[in-house]
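Line by line, the protein sequences give chains U and R.
For the first sequence, the numbering used here gives the first residue as 1, with consecutive numbering after it.
For the second sequence, the numbering used here gives the first residue as 1001, with consecutive numbering after it.
Please note: incorrect hints may appear among the correct ones.
Facing chain R, a subset of chain U residues (Cβ under 10 angstroms, in silico) [claimed, not checked]:
1) 7
2) 14
3) 17
4) 33
5) 42
6) 104
7) 183
Calculated directly from the structure, the hints in this document are not laboratory data.
For glycine and all other residues, C-beta sits at the position ideal for the given N, C-alpha and C.
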Amino acid sequence: MSMHGPIATHRSATGVPSGRLAIWWLLASEIFIFGGLVTCFVLFKLNGTPGFEDASLTSTAAGAINTFVLLTSSLSIVLAHAAIEKGDRVKSFRYIWYTIGGGVVFLGIKTYEYTGKIIHGHVITENLFWSFYYTMTGLHALHVIGGMVIMALISFDIRKGHNYQRVELIGIYWHFVDLVWIFLFPLLYIANF
Amino acid sequence: MSQAAAAVQTDTHAEHHEELSFLYKYILPVDHKIIGMQYIFTGMIMAIIGGYFAYAFRMQLAFPGELVPLYGLVGPGEYNMLVTNHGTIMIFWVAMPVLIAGFGNYLIPLMIGCDDMVFPRLNRLSYQIFLVSALVLIASFFVRGGGFGGAWTSYPPLSSVAEYSLTDWGASLWILAVALEFVSFLLGGINFVTTSMNARAPGMKMLDIPIAVWFIVVAVILFMASVGPLVAGAVMLFMDQRIGTTFFLPSGGGDPLLWQHLFWFFGHPEVYVVLLPTLGIVAEIITVFSRKKLFGYRTVLYTAFATGGLSFVVWAHHQFIAGIDPRMANVFTVTTVLISIPLAEMMFSYIATLYGGSIELKTPMLWALSFIAAFLIGGVTGIYLGASAMDVYFHDSYFVLAHFHYTFFPITIIGMFAALTYWFPKMFGRMMNETLGKIHFWGTFIPFNCIFLPLFFLGLAGQHRRIYNYEHFPDLATQELQNIRIFATVSLVVMLIFQLVFIYNFFVSMFKGKKAPNNPWNANTLEWTIPSPPQHGNFKDLPTVYRGPYEYSVPGREKDYWPQNEPPEEN
């Protein structure tokens, strides 16, 4: 396979690089997946489905810490992007790994939360609230894990000096993962409507 | 102009001549043409399975309880499985892969004048996921309990509780296969949209893009915007089945209607997702074979946008009798009838294109014209069903079934044959046999009407669908009605036999047909400016575009066509 790839990859009739365009379309389709779940959750909640009062049992403190961790990790991926724009591979590599570290802390706290809930009998089949809780946070966690794996691959890539643009692309994705959490946190941990 | 020069420079720079091994050329290709053909061939194989299923359950309806030749006895459970998977296969594994992924892959880079998709390896991945999804679906027929039998709409609680569906594993593999298929098309769709946005030939403005490409792109965007909630729904249904959650089960506080909303929020735009590519294909064919400019290019395009937009607010017309609020039913009746306006406008544009043209009835043109005729019947009967008052009677009757097949048969089967016969010379470098093509056309189109027209009458007579043996219903077991069923089934068998003509013609022409010139139909779009079949990398020198795709019979020109890449004459 040639290093350059097809000419199509390098064309840009819109002026936006294809990679960035594609990541935005990916996120657009992701919005509908999470949007579907969130809408279902809100409709059940507005209908007064029994079990949704269990929202008060989730640990707001743990959720808040996780929000802080995730937002901070978004800052570090922005710094990684800023560094690679200046061509500083070492610094960018380091910031990418800070971001991955943020993901690890986030998942650790998540694991702690899950364990606590399951010990107290709040399993996924207990009622609809917990079904939504585990489905939504679980799907979100899968996105976090996926992002971390891809970030690790990119970090080694840029250390060798390839594909600098990918730092920006994974950054856009990571912000989206962040944004989903910004919706999940109030819905599952705070809201009492 | 400088852009064009730059493109030509990069082209010569990146040109490479290395021969790819068989493995990388045909099994693990990144070439969009080969991937497109992989999709088309996989879709055609799945069409044979779907057609075989239709044959088996139609025989059971015509001759209940008798052994079906080449199949065996069709029991009630098996009947459900056949009906369900016929629908699933024909929509998700035939219409989508052939019309969108297959022709989309093949045509987009050729028609917009570049050498490949923007992300060739993503393209390959999306086909591989698609192939896995097809294998998972086929595997589901052979697990304990057999394939899923809860209809292609898969309504819970029937689909979510193994004790109800009796297909514990079949149901889960089915939902898994569908979800994988969605993932494959989301990846492919991102590629299609990005390619069409970014990789166009220099000079090709938005309104110079052939309608076929435009419509595939609009269809893909509709798909991306509608399938998300159903992906979420599929996850929820899968968890209901395997983990024991109760998202869709009233016994645990869930709501079965929620699934219907999620399903049809996708399911109705899906109709337009598969319709638009065929409409695009038909637009290409009718302009070429009537030697006329497409009537109202902009109008056609804007009606597609309007249809796409409206298609998001009509879904509940599938649920008029499912217990939704009657006031909501009124709203959805209005939107449903509204959506026929842009589509009718598009149909009139196509008919106006034909008006006064030098029409040449080659096989692709016959398919394109028959599409317009058949789809009109499908569209008009849809207006009956869209009115909630009438739908109360028609719901779940054979009237719905006949209406549905008058839309989807033209879309899927007629659209597929139109495209295959039209682009065959480009794909394989040889011409198909016209006489055999016409025999196949009439041998398909006449029986098609004989199958589905009578079903309208069965529906009006009150025949409910999804019943495997009408002998148990005295009102429906009369000889008259049974004769209609037998007539429809015999017509189906005739139609299936005529497909052998196509298969023969297809494979013999592929190897022994007359050599095809670059541009056998004297068409304008860019794929016809290069040798048939196109080489790896498509264009020797990447083209520059000077005009729209439908400049036929331009006054004052010697030739009656004007390829998009031909530089304007200097005066």
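**OP:** Output the numbers, in ascending order, of every earlier hint that fails for this structure.
**Re:** Hints 5, 6, 7 not satisfied by this model.
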